[in-house]
Amino acid sequence: MKNLFVGLMFCVISLSGGTAPAAPPAEPSDAIVCRGLSAVGFSYWWGGECWCSNGCAPDLVGCAPGVCTPNDGSTGCPECTHTGTYGADCSGFVSRAWQVPDPLATNACNTARYVASSFTADHEYWNVVPMNDLRPADAVASDSHVILVIGYEDAFGEHDCVEAKGCSYGIVRNSRTFSSVYSGARRINLTTCECDEGDSESEDCGDCGTRTRSCTGCMWTGWSACDGPDPEGEAADCTVGEGAPGVCAQGRRLCVAGWLTCSPNSPGTEVCDGLDNDCDGLVD
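Here the sequence shown is numbered in the numbering used here, starting from 2 and rising by one per residue.
It should be emphasised that the hints constitute simulated quantities derived from the structure, not laboratory data.
Not one of these hints is a red herring.
Ranges between beta-carbon positions, derived for each pair:
{"id": "1", "residue 1": "E243", "residue 2": "L283", "range": "12 to 22 Å"}
{"id": "2", "residue 1": "S225", "residue 2": "V272", "range": "40 to 50 Å"}
{"id": "3", "residue 1": "E198", "residue 2": "G244", "range": "46 to 56 Å"}
Using N, Cα and C, we set each Cβ at its ideal position, and we do this for glycine too.
Construct all of the structure, not just a fragment, from the sequences and the given hints.
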């Protein structure tokens with residue numbers, strides 16, 4: 002218990018910001034859970050608040066997770082040394098997952114954030130909620146530690162959570178209960194889901210194409226590029242138009258970016274067949 006307490010002490014220290022913060026973005030709770038999960042596996046960094054993500058997964062290939070090492074004679078932070086660019090402590094992790102005080106990319110480092118005790122009281126960006134009403138994307142905080150809740154309470158009274166647990170642990174996902182020193186908080190600007198995770202839909206575009214989008218993190222992704230199959234058989238034959246010589250006056254109909262386009266035949270080697278094969282205006 003002593004080791005864990007020492008490893009969490011930095012969560013009561015804040016980094017100051019020099020400009021007025023922006024309100025957190027309107028988004029579904031799944032978007033916060035997604036950001037939280039994308040930090041799992043990165044190091045505990047006393048004063049850190051950044052990591053690399055690939056959707057809802059951590060990018061541990063493109064970015065080194067960092068290493069936290071207790072100093073000689075120490076059991077953890079603040080008497081610790083961090084190597085690497087990325088990592089977070091408990092309050093830096095929740096601040097970034099919640100996008101407070103500013104909406105920033107997960108890999109933005111050395112930015113303003115809140116301390117653990119900030120989440121124990123009402124704030125313009127969040128409200129205290131009862132511990133028996135915890136939902137995914139809520140935070141659970143004490144004066145020295147803050148945790149991101151990503152699941153509802155199960156039959157054993159535990160919640161699925163992500164937390165920057167300490168120097169020897171890093172950022173982990175686990176199931177846990179909470180003692181009476183913790184209180185709950187819910188961020189503002191949470192929206193309802195636009196769609197069900199994994200759903201997809203398509204629509205026609207142009208005169209021959211379709212485009213699709215999928216549901217990720219409770220929200221629709223952007224539409225894909227408009228594309229479609231090329232016509233086949235007689236439907237593929239087309240005339241380029243006036244002025245095109247020889248066989249180049251004929252072409253093949255293609256679906257390009259969703260629109261039917263007549264692509265002319267390319268000039269070839271002139272042969273004795275009564276056609277202008279090389280498209281120079283002369284037959285044979």
